[in-house]
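Given the coordinates of chain A, assemble chains B, C and D onto it according to the supplied hints.
Chains as they are written, first to last, in the numbering used here: chain A, 3 to 459; chain B, 3 to 459; chain C, 3 to 459; chain D, 3 to 459.
Do not rely on the hints blindly, as some may be mistaken.
Identical chains share a label here; the pair holds if one copy fits it or two copies do between them.
Unchecked claim - Below, in silico cross-link-like pairs of lysine-lysine (DSBU-like), each with a Cα-Cα straight-line distance of 35 Å or less: (1) 326 / 118; (2) 47 / 118; (3) 145 / 118; (4) 18 / 47; (5) 151 / 18.
Hint data in this document are derived by calculation from the structure and do not stem from the laboratory.
There are 4 protein chains.
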Amino acid sequence: MSEKSSLYPELIRAIKPATGTLGVLLPGLGAVATTLIAGVHLINKGLAQPHGSLTQMQRMRLGKRTNPRFALIKEVVPLTNLNDLVFGGWDIFPENAYQIACHAGVLSRELLDQVKDQLESVRPWPAVFEQAYVRRLSGPHLKAGPTKKHLADMLIEDIEAFRRREGVQRVVMVWCGSTEVFMQPSPVHETIEAFEAGLKANAPEISPCMIYTYAAISAGVPFANGSPNLAVDIPALVEYAHKRHVPIAGKDFKTGQTFLKTVVAPGLKAKMLGLTGWFSTNILGNRDGEVLDDQGSFRTKEVSKSSVLGAILQPELYPDLYGKVFHKVRIEYYPPRGDAKEGWDNIDIFGWLGQPMQIKINFLCRDSILAAPVALDLALFLDLAQRAGLSGIQEWLSFYFKSPMARVDLQPEHDLFIQHLKLTNTLRILVGEEVLDHSGLDYYESGDAYRAGMGGA
Amino acid sequence: MSEKSSLYPELIRAIKPATGTLGVLLPGLGAVATTLIAGVHLINKGLAQPHGSLTQMQRMRLGKRTNPRFALIKEVVPLTNLNDLVFGGWDIFPENAYQIACHAGVLSRELLDQVKDQLESVRPWPAVFEQAYVRRLSGPHLKAGPTKKHLADMLIEDIEAFRRREGVQRVVMVWCGSTEVFMQPSPVHETIEAFEAGLKANAPEISPCMIYTYAAISAGVPFANGSPNLAVDIPALVEYAHKRHVPIAGKDFKTGQTFLKTVVAPGLKAKMLGLTGWFSTNILGNRDGEVLDDQGSFRTKEVSKSSVLGAILQPELYPDLYGKVFHKVRIEYYPPRGDAKEGWDNIDIFGWLGQPMQIKINFLCRDSILAAPVALDLALFLDLAQRAGLSGIQEWLSFYFKSPMARVDLQPEHDLFIQHLKLTNTLRILVGEEVLDHSGLDYYESGDAYRAGMGGA
Amino acid sequence: MSEKSSLYPELIRAIKPATGTLGVLLPGLGAVATTLIAGVHLINKGLAQPHGSLTQMQRMRLGKRTNPRFALIKEVVPLTNLNDLVFGGWDIFPENAYQIACHAGVLSRELLDQVKDQLESVRPWPAVFEQAYVRRLSGPHLKAGPTKKHLADMLIEDIEAFRRREGVQRVVMVWCGSTEVFMQPSPVHETIEAFEAGLKANAPEISPCMIYTYAAISAGVPFANGSPNLAVDIPALVEYAHKRHVPIAGKDFKTGQTFLKTVVAPGLKAKMLGLTGWFSTNILGNRDGEVLDDQGSFRTKEVSKSSVLGAILQPELYPDLYGKVFHKVRIEYYPPRGDAKEGWDNIDIFGWLGQPMQIKINFLCRDSILAAPVALDLALFLDLAQRAGLSGIQEWLSFYFKSPMARVDLQPEHDLFIQHLKLTNTLRILVGEEVLDHSGLDYYESGDAYRAGMGGA
Amino acid sequence: MSEKSSLYPELIRAIKPATGTLGVLLPGLGAVATTLIAGVHLINKGLAQPHGSLTQMQRMRLGKRTNPRFALIKEVVPLTNLNDLVFGGWDIFPENAYQIACHAGVLSRELLDQVKDQLESVRPWPAVFEQAYVRRLSGPHLKAGPTKKHLADMLIEDIEAFRRREGVQRVVMVWCGSTEVFMQPSPVHETIEAFEAGLKANAPEISPCMIYTYAAISAGVPFANGSPNLAVDIPALVEYAHKRHVPIAGKDFKTGQTFLKTVVAPGLKAKMLGLTGWFSTNILGNRDGEVLDDQGSFRTKEVSKSSVLGAILQPELYPDLYGKVFHKVRIEYYPPRGDAKEGWDNIDIFGWLGQPMQIKINFLCRDSILAAPVALDLALFLDLAQRAGLSGIQEWLSFYFKSPMARVDLQPEHDLFIQHLKLTNTLRILVGEEVLDHSGLDYYESGDAYRAGMGGA
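The following block holds chain A by itself, in its conformation from the complex (with noise of 0.2 Å):
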């Protein structure tokens, strides 16, 4: 039949229980944050559901389709609870959870009046932040040092003394602060005895985003990238994250244009159904879209979105259908939108000889609706992983992200469904199942495949 049982015995693990509290640290207090934590609250009361959100609500199959089972990915695999989730976080102003969350007017008043009490208890600590790397941004809730290196030391402090207070038994950390300028990869980043120099040295290769993940790793704190910074997919914090035994992910939430755009290209790409161009603008009205007014912050996110295409189409592959693809994103900082945000996208294709189509897709979304259940999946992932022994780059958490990273010497995947398959493929291996392939000819071809194929006896 089409699933065997397990093919990779060598990788199932024995995973700890996820027993006491998981703390979640997340730099960057804005929008998504607090809509996470304020969502996280009102599922735990009951009040709403975690829709988004893989851990909470998806299914895998498990056994074969004549006789499936499909269990909750939850069940399959040992999650925290979200009864057992504690929060924190640093931001450059001092307002707390519930201040911030009514000032980004994601959820209505009602929603958040009802969980007051928990946000109002989030209070950001002082943020690691310059102006030099988010060029639109600033604020006065910040640390002071005279080091790089000093600031990341307060950071771990901050985690230790979370950890100490708050009583939990893990930690996981999910960026959610801005879009940083653009930085190209330079030799500071490519080891960690150079990182650590530059630290001390206050070498401006390195951004608030990446002290961040130094303590994060030192402290043996799983670290997930939800912006584009050149942060986590260095080769010095890579390598640590190996040493330290540390999972790692990124980068960049994949929520709304960038989500669909891996899931039709893969379609115009089964189809073989070639392409000339595909034009996609954004527009946005909240502090994020303020940020990637900026053209430092811009072009970062910007080459985020760019590589999305041509991973998928191949066309080295594929000259002939996708080897002249004229790809532009444009992001629009456009006020009256608010924290929704409106993609379109025009999409220039051809089929059977030629002939020219075309496909416009409007998508009226809302960002923090979108990236909150990413970052609670990672965070929940990440701890699982922790907990599974498993260190370094997680690709298998690739469907998460616009710029997934993978071993340097593999091409990262981007196509929203094979990511959806190693992610679940990823969990019947840890536990010992057989993995699906979908091939489905044994159900034909076998024995017995006539007379169930008739309905017969």
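Quick look at chains B, C and D alone, frame taken from chain A:
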């Protein structure tokens, strides 16, 4: 690594070579059929490319990601060459394929004139047709006979005469005719005995499309049904195909709006985004649109188009997310569009905490341009199946259909990406290659992973 | 200069002042009516603004462009103040306006609660209703009587009782009820004598909407018809309105898609852009959508919506440009939308040398939000008309209707901009102001033009 | 009745007949110009129709609605016949009009070949051009001279030589060249004396477009500016046109997105629907798109496109409705589109009680197809104006421009419908016909209204 050497050794087939010519018979010599025929001749002359065809252009990965080989499908399995195709067909009008193609207006006169001779040589045989089954059509070029059995025999004679005249080694048939009125399975459709009795008794439950299917199977000719008509999927004919060792496939070419629906819906489900409603409207102006302007034919198409969402979204597993989807499909005859077909989809989704969002898709597509390569691939793959000794329902061809067929005890698969993996993994299995499961954890957690991951020595 | 002092001195009117209160009676106390009532009270309390209402917000230019005065319409003509409105109505359900508004879901509970008392005090009288005329509706709160004449008399008694109880000086009626089945003019509708005989004989050609209209005119109450029902536009009732000196207006509020159509079509015609097709679909989920899901009611609405293009484009004058327009209007009941209504228009145009182009418009509108200020303006303008001594058809109110009424020997005017100029110039005429013709050549070709044009001395 | 016999007797003109031929000179022999020339010849041969042209196809009502006459504009005023046009032009490339048109790809080769001879005979004169003003373009076919005055004189010589060679009675010039970098009015532009001094001193404030304008006026040739360049609208040249008795018009052809904007915005305002934002993006792939990819040229176009909304919506009168409009216009070079141009507009509006709604417009238009008839009409109307003795700014031609010109003490008119009425009423005035004011109350309130209204005796 991700792939294991053949997991399905018992399914490896000794496939007969594709020597000689293949006859492709097309009931319904309209826009789709003539676009296919013209295209094949243009491609053979080097004047156009077979975009949209997997058999001609698609590559599959063989081997590991660290050392992949991306081979053309037609290099992996032995397919009939486009130069070896010979076309024939039936229609209710006597015009030759050139005249029909000019009238259909799908391809420019400039293109058609370059293969005028080849098109003119395809003259349809008189059709088996009754207006009771397609109310908006009528034509003069019809067969007449006292019973449906006589009509079936006349079709078989056409096939045999074609074999002799053209000297073709093998023959396949792909239904490109119109959508018939909605019919439900009845006792006549249950067994081949009942069906053959019905043929002789002129049972009204037996439509022209069924007569073609019966004739094809009788003549040992693989059959694919490009329309939503109840025909190849009735138990009588499935059983008959098994007995005669004839591969069959159906039904209803998946081309424009439904193609995109089976791309987007799996994306929503992968992300656990809920759905409250999906409204799909189509405007089209060709003969297909005119036929579907009749409520009887529309109902047949509507049923075919509507089953898609439920099968993909599994509301029984996800009642909160997909238990109350309002799905409405409309087809509107709109002559200004001609053969171009335009879909507009409005998709109402919800995410984290039930917050609503919307996706709107406008697909300016071309019906025949999307359908022609589907018909081609089905012809070539069914011929392959026959040479590989497969018979009955070819579920691995689900990729091409709005209403894919499956064993009665299996849920048909609608997700385009699962269908695509099913197709490619089936091809891998037939030739003894490793299947892909996309898990990939072994690249990271085997002994050499860290080193490779670091690009190190 | 562009304007001349009154060109129509004989049409200047001595308008009675708007002293005391005005009763606004609404047959059909549903979403539109309650959105109107709630809105007026919210505005009176300073909690909201009358956006969308010309009587409350629009300004008109008086005087020359070189020295213009932009006066509020309500300063130019004496209109009843919003504080002086008193509402009443009829419905087939006995719920009060607060309950209905909560159920309709147009306005948030937060808004409604601020005028809860005022809304609760509006309790509908039992309605005149028969399900034969609106098949999808039925309700318990109905009047009963042996003949339609008796029912009409009961309505008149309601009006008179309302006058006495509320002490209102004047009354107007605006039909906000449902769309009835399609009816064509018949002998009963020809003269007031025939109509009154029909009332007594329970003629099936007399619908509930006609009975309300008859009652209003009998009671000297101006009447506007917000639905496409054949009623105020039958010759019998037009004649009756003249005899009773009652102003009337109709029919079918112009709100969402048709509003935009009467904006865009005049633009195409002004530019001499040809039209091959216009496909309009609507999705809506409220009671209105449910009623229109019935073919009988849909036909009435379809006819009303379809007449628009022909009247604007004048195909008889422009056979090359507009002689072969394929115009199709669809309304689709789609519950996920609720009161929000969405239109999608596909417009196939052609320009220079017949080259084709397309316009697609997606209007995410809200039915009751657009209709409420229309109902308000009609109430206030009809009251003005009565005080100004106007009676019968008020063509200058065409702006508000999908199927505007006109003298039988005149072509109704559908172009929104001509309608708007007609409305504003009519107001100018009534008070003796100069009309605008927008010609403006005099600013350039009179003696002082060059100097002024140069800004010189 | 609605119309009065001539209200403007002093403005009636004795218009000279349009005898003989008219030379139409086009600086910038690109896609627009060659589409115009090819079209006129195709029309003259009876092979195509002048869709999109008011001078050729539009009718105006003369007389009362009860007895209307719908006369073609070209029957009401004496316009030059299309058979009497002779074309010439300047370009930076030496190719003839046939070669350019083939390269532009606006019209099919099949169409162009039918007027090949006529197109080949139009060979551009060397252009006055400097790359500093249009950074993305450069070409070899240029005039050279020591000062801009010399260049202007060379243009005048071209015009005079053209007159002599072709024997044309009259000449007009319509700028079809590229958008120059953004310039602001400076002292050189203030008076004709300063301007002529600047020409001699090679003042950088004087762009090529201004040199053409100066040359035209000097030669007594009416001039229209199809681009947003600062040129015909500087005080020096307005004054010069008055002195020379030359009619002028500008600026920036109103074709696709802005055309629709000036259709929809007046509709919103007429309805008193508020506006929070309007986001407009354009994708286009022709030379125009390439030029506008430069920030300097884009700025010029952006300013021209942005002024539209404010002028129509009058935020100073309606601060609540239009005081905070976020208006953003983007133009994106997207080569897959070719000459086809696509606009996507997102319009955020609000109605009754501030409730939000959205309109989205997708315009798949064709730049040159929309612009060519505009250029034609301007040529013919400017020639009419000159024969009617009009000079200086022709505000009645505002209809054709994104940035219409007006007397400095008047607000330019952007509303397409007011512009259209201004145009047609101006034509009525010139020939002594009654203007329309669309009031229409007289049809109802004059003595015979009731009778007529009832259709009675």
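Results of checking the hints against the structure:
no.	hint	in the structure
1	326 / 118	between (53 Å within a copy, 32 Å between copies)
2	47 / 118	both (12 Å within a copy, 31 Å between copies)
3	145 / 118	within (27 Å within a copy, 51 Å between copies)
4	18 / 47	within (27 Å within a copy, 62 Å between copies)
5	151 / 18	within (33 Å within a copy, 69 Å between copies)
This entry satisfies every hint, going by the numbered hints stated previously.
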